[in-house]
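*Asks:* Sequence lines, in order, name chains H and G.
The first sequence begins at 5 in the working numbering and counts up one residue at a time.
The second sequence begins at 1298 in the working numbering and counts up one residue at a time.
Treat the hints as calculated values from the structure; they're not laboratory data.
All of these numbers come straight from a predicted model, not from anything done at the bench.
Accuracy of the hints is not assured; some may be wrong.
To be verified - Examples of chain H residues lying across from chain G (beta carbon under 10 Å, computed):
# : residue
1 : Thr-20
2 : Ser-23
3 : Ser-97
4 : Glu-101
5 : Glu-106
6 : Leu-110
7 : Val-114
8 : Ile-294
Unchecked claim - Keeping only pairs whose Cα atoms sit at most 27 Å apart, straight-line, the calculated BS3-like set for lysine-lysine is:
#  : chain 1 : residue 1 : chain 2 : residue 2
9  : H       : Lys-182   : H       : Lys-142
10 : G       : Lys-1384  : G       : Lys-1492
11 : G       : Lys-1323  : H       : Lys-142
12 : G       : Lys-1467  : H       : Lys-148
13 : H       : Lys-182   : H       : Lys-193
14 : H       : Lys-151   : G       : Lys-1323
15 : H       : Lys-221   : H       : Lys-256
16 : H       : Lys-142   : G       : Lys-1492
17 : G       : Lys-1467  : G       : Lys-1384
18 : H       : Lys-66    : G       : Lys-1323
19 : H       : Lys-193   : H       : Lys-221
20 : G       : Lys-1384  : H       : Lys-221
21 : H       : Lys-66    : H       : Lys-118
22 : H       : Lys-118   : G       : Lys-1466
23 : G       : Lys-1323  : G       : Lys-1492
24 : G       : Lys-1384  : H       : Lys-148
25 : H       : Lys-66    : G       : Lys-1466
26 : G       : Lys-1317  : H       : Lys-151
27 : H       : Lys-142   : G       : Lys-1317
28 : H       : Lys-118   : G       : Lys-1384
29 : H       : Lys-151   : H       : Lys-189
30 : G       : Lys-1317  : H       : Lys-66
31 : H       : Lys-151   : G       : Lys-1492
32 : H       : Lys-148   : H       : Lys-193
Cβ atoms here follow ideal geometry from the backbone N, Cα and C, with glycine treated the same way.
These are the residues of each chain, in order.
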Amino acid sequence: MMDGPQNAPTTVMEVTALSKWYGEVIGLNNFNLEIRSGITGIVGPNGAGKSTLFKLALGLIKPSTGTISVLGQTPWGNPRLHSSIGFCPDYESLPSESTGREYLSLVGGVHAMKGAALSERITEVARLVEMNRALDRKIGGYSKGMKQRMKIAGALLHDPDMLILDEPLSGTDPLVRKEIIDLIKRLNKENGHDVVVSSHVLFEIERMTHDVVLIYKGRAVATGDISEIRDLIDKHPHNIVIEGENIGALAKALLDEQFTVSVSYNDGRKGVTVQVSRPDDFFNRLPELIERSGASVTKMYSLDENLEAIFRYLVGR
Amino acid sequence: MDLERAFTGIAAITRYSFRKLLFSRKAVITLLVAVFVAAVMGYAGAQNVDPLHDGTDMLDTLILFFFMPVMAMIYGASLIRDEIDDKSITHVATAPLDRSFSYVGYYIPLACAVAISMFIVNTAGFLAFFAQNDLGGETLEVYLEFTVLITIGAFVYSALFLAVGVLFKKPVFFGLFYAFIWEGFIGSLPGAIQKFSVKYYLRSVGADWVDYGRMSTFEEASDPLASGLVLLGLLVFFVVLGAFVFRETELT
């Protein structure tokens, strides 16, 4: 097991000029990335290249060009590396005709676990993902959330250093989603697993980690802390909603400013959405503009404060 | 230590695949084939026949050289291919076990499952035919000889069709061609061409053992020991080929 969050972060995955083509379709294109220990979120829309990255990291496919290193090792043709990685795929991979216990016995067996030690570990992991009561039921009868938990249990069974979780929240209801998010955070904080987790929903990742990689069309469009990514967009148009009394006069005053790109009235004309090119200048000038226009602002918020908006901006640029 | 890990991994895949093969819906196919063979041979046995010669010919034609490759194809060509297609191969592909070892973990239960299935079919056909006529020492001898031939055939054909399953994305088309056209037709042609079929070498081995029916008078038979070695060589070749291809296959 790696030292986890209490020690200085180490590189768990390093990708250099990595490309993967499926015939004429590009999976990843000249992809560069460094993932450090802790929880890292990989975010991108469907088809962005998240699963391709994970398949390359697991050695299920080989790179067309470039290199990928996971825990200091090359994945392709290196099954030993799988001792240190637990993988939860985004697709249905569980055998529906088997029980949870039979499935975990197979997973344990291929990881050279056997006998009483395996039985104890199955019980332990099932308890961790709260599936101990469903262990002897056929997987075909599991709900989506239960299947996700069982896949995570399979990934955890051999106590790997690193977990790769591909869309673990996909198709789950909000309650299960919260439970899985809590579980992932617990696995890192209490059990010391490094976690690389993907999602196409940005706020889900935000609830797990601040270290994110945004992927779009096979490229990493932004990497780092969420605040660093926010800094990136501060140089570009920002959308701010302002509501209150006499907003029309304020809108007119805003239009005279150089940092204003556009102003549009919202439904009911109770507020306006202002698009600004330099948010810092806007916020510095705003008090003076409010006073001069005689407007009374009751509510103001940015449409770009959540990750979803950042992602839309970054991938759309 | 590494070898022990490999054996534990192979054993886990073997146990799992064996249960999957024998206790899945495919087991129904075995039962249906057994019922069909029993009906056909039972009807034939009720006619005016020479029990030993005609009964042996039926075991030869219907079971060993028709259903044997067909059953191996049904079980073998889809075993790994289905798991690749439905992605349930993931737990094996992400195991710390060389995929060529994993392949052996699929081959062993497949060959055993095909052998057991064909044993059931062979026994059903044998009882349906010979129980009406004679169940003496000579017929039991024929039964045992065919049981051994079926077991050998199960291991060779399983190796072949498991390899076909990883070589082709749609193995059933090649499998049907091979089972029906190649083994069924080419393997029955006179002359040297038949030597390119598994059937020829099985018949050559059988010609040395079986004293009744057309198999006993197979004039073009090769030396039984050499034929046995060819069958062993084919088995090893197909297992090694399949294991190599499986190891090098990208699992998208």
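*Asks:* Evaluate each hint against the coordinates.
*Replies:* Results of checking the hints against the structure:
Here the hint on Thr-20 (chain H) is broken, as its CB sits about 20 Å from the closest CB of chain G, past 10 Å. Because the smallest distance between the Cβ of Ser-23 (chain H) and any Cβ of chain G comes to about 15 Å, over 10 Å, the interface hint for this residue is violated. For the restraint placing Ser-97 (chain H) at the interface with chain G, the shortest Cβ-Cβ distance is roughly 4 Å, inside the 10 Å limit, so the hint holds. Using the Cβ-Cβ criterion of 10 Å, the hint placing Glu-101 (chain H) at the interface with chain G is satisfied: the shortest such distance is roughly 7 Å.
At about 8 Å, the closest approach between the beta carbon of Glu-106 (chain H) and any beta carbon in chain G falls short of 10 Å, and the interface hint on this residue holds. Hint on Leu-110 (chain H) holds. Least Cβ distance to chain G is approximately 5 Å, under the 10 Å limit. With a cut of 10 Å, the hint placing Val-114 (chain H) at the interface with chain G holds, because the nearest CB-to-CB distance is about 4 Å. For the restraint placing Ile-294 (chain H) at the interface with chain G, the shortest Cβ-Cβ distance is roughly 57 Å, beyond the 10 Å limit, so the hint is violated.
With a C-alpha separation of about 25 Å, the suggested pairing of Lys-182 (chain H) with Lys-142 (chain H) holds against the 27 Å cut-off. Proposed proximity of Lys-1384 (chain G) and Lys-1492 (chain G) is contradicted: the alpha carbons are some 38 Å apart, above 27 Å. For the suggested pair Lys-1323 (chain G) and Lys-142 (chain H), the alpha carbons sit about 19 Å apart, so the restraint of at most 27 Å is met. Only pairs whose Cα atoms come within 27 Å are accepted, and Lys-1467 (chain G) paired with Lys-148 (chain H) is rejected, the gap being roughly 30 Å.
In summary, the hint linking Lys-182 (chain H) to Lys-193 (chain H) is supported, as the alpha carbons are separated by about 16 Å, within the 27 Å threshold. Restraint check: the Cα-Cα separation between Lys-151 (chain H) and Lys-1323 (chain G) comes to about 25 Å, which is no more than 27 Å; the hinted pair holds. This hinted pair does not check out: Lys-221 (chain H) and Lys-256 (chain H) have alpha carbons roughly 40 Å apart, beyond 27 Å. At roughly 48 Å between alpha-carbon atoms, Lys-142 (chain H) and Lys-1492 (chain G) are farther apart than 27 Å, so this suggested pair is violated.
Our distance criterion of 27 Å between C-alpha atoms is met by Lys-1467 (chain G) and Lys-1384 (chain G), whose separation comes to about 15 Å. With a C-alpha separation of about 34 Å, the suggested pairing of Lys-66 (chain H) with Lys-1323 (chain G) is violated against the 27 Å cut-off. Between Lys-193 (chain H) and Lys-221 (chain H) the CA atoms are separated by roughly 32 Å; this puts the pair beyond 27 Å, and the hint is violated. Taking the CA atoms of Lys-1384 (chain G) and Lys-221 (chain H), the gap is about 24 Å. The hint holds against a cut of 27 Å.
Distance check on the hinted pair: Lys-66 (chain H) and Lys-118 (chain H) sit about 31 Å apart at the alpha-carbon level, beyond 27 Å; violated. Restraint check: the Cα-Cα separation between Lys-118 (chain H) and Lys-1466 (chain G) comes to about 34 Å, which exceeds 27 Å; the hinted pair is violated. Pair hint Lys-1323 (chain G) plus Lys-1492 (chain G) does not hold up; C-alpha atoms about 32 Å apart against a cutoff of 27 Å. Annotation: proposed proximity of Lys-1384 (chain G) to Lys-148 (chain H) holds, straight-line Cα distance about 17 Å (limit 27 Å).
For a cut-off of 27 Å, the pair hint linking Lys-66 (chain H) to Lys-1466 (chain G) stands: about 19 Å separates their Cα positions. Between Lys-1317 (chain G) and Lys-151 (chain H) the alpha-carbon distance is near 20 Å, which keeps this suggested pair within the 27 Å criterion. Between the alpha carbons of Lys-142 (chain H) and Lys-1317 (chain G) the distance comes to roughly 14 Å, so the proposed pair stays at or under 27 Å and holds. A distance of roughly 25 Å separates the Cα atoms of Lys-118 (chain H) and Lys-1384 (chain G); the hinted pair therefore holds under the 27 Å criterion.
Under the criterion of a C-alpha separation no larger than 27 Å, the hint pairing Lys-151 (chain H) with Lys-189 (chain H) is consistent with the structure, at around 19 Å. The hinted pair formed by Lys-1317 (chain G) and Lys-66 (chain H) fails the criterion: a straight-line CA distance of about 30 Å is larger than 27 Å. A threshold of 27 Å between alpha carbons decides the hint, and for Lys-151 (chain H) with Lys-1492 (chain G) the separation of about 51 Å lies outside it, so the pair is violated. This hinted pair checks out: Lys-148 (chain H) and Lys-193 (chain H) have alpha carbons roughly 26 Å apart, not beyond 27 Å.
This entry does not satisfy hints 1, 2, 8, 10, 12, 15, 16, 18, 19, 21, 22, 23, 30 and 31, going by the numbered hints stated previously.
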